[in-house]
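Can you make the complete structure from the sequences, with help from the hints?
First residue of the sequence shown? That's -3 in the numbering used here, and the numbers climb one at a time after it.
Any given hint might turn out to be false.
To be verified - If you anchor each label on the Cβ, the simulated ranges turn out as follows:
(1) THR78 / THR35: 43 to 53 Å
(2) GLY141 / THR68: 20 to 30 Å
(3) THR68 / ASN21: 40 to 50 Å
(4) ASP172 / ASP209: 22 to 32 Å
Don't read these hints as lab results, they were simulated from the structure.
No residue lacks a Cβ here, since even glycine has one placed at the ideal position from N, Cα and C.
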Amino acid sequence: AVEGLIAQVEFFVDCESIGTDTVLNDDIYELIWTPVAGTYVVHAVATNDLGLTTTSTSATVTANALPTIDWTGPGDAAILHTGAAVTLSSTATDTDGTVAQVKFFVNGESVGIVTTQVDNNYTVSWTPAAVGNYDLHAIATDSHGAMTSITPVISVTASYLPVISLDSPLDASVFDAETVITISTTATIVDGTIAQVEFFVDGVSIGTDTVLDDDTYEFIWTPVAGTYVVHAAATDDSSQTTVSAPATVTA
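The structure is reproduced here in structure tokens:
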């Protein structure tokens, strides 16, 4: 005040008093306010020691609701395959605007920015190049620039897939009908063990072998006359599966 002292400054939101400040700090008076999402008209009234008041100009302000984001895949502690693409996905919404983008990160490095969604679901494809552990997260940004990050970070492991080859029978082999045939495969894995090899004829399982013999897994099959497509699938100790190339054979 030119004459006298400022006794207090009272603060108003939408014409409702939210508090006063009586402590002078270089002619600055302040009040802490925590708004919920919405639009508000803010002003203040200064009162001097004589009871005279002056009202400030008003300011219209908007409190923006933060976007929400949830991680949907892959799950925490998931086992991924090196060299195999995996879909990173999150759902994101915003109550008072729109989600402008979702940015995906692997070990702190961006692997994609997604601006389009289907039913609030945002996805990006990522291929782990090497065996190891990876931390995944995503950040949603709304139309006002506010950001929300996935918490906690999702941790996954990339491992090698089993390797399997169908050694016998060879493609285009011909056998006598009702003769015992040995279906033989070689199955290996770099960072685990082979749990089983399952054998298929025309897409139908005919049995499994869990006994390792110099990386060879076998199954005995006695076909009746006809033409068949034979293949095998190796599964490791983390339930990851690789399918062999097929062989078409005739009995």
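Taking the hints in turn, this is what the structure says about them:
no.: 1; hint: THR78 / THR35: 43 to 53 Å; verdict: 51 Å, holds
no.: 2; hint: GLY141 / THR68: 20 to 30 Å; verdict: 24 Å, holds
no.: 3; hint: THR68 / ASN21: 40 to 50 Å; verdict: 49 Å, holds
no.: 4; hint: ASP172 / ASP209: 22 to 32 Å; verdict: 26 Å, holds
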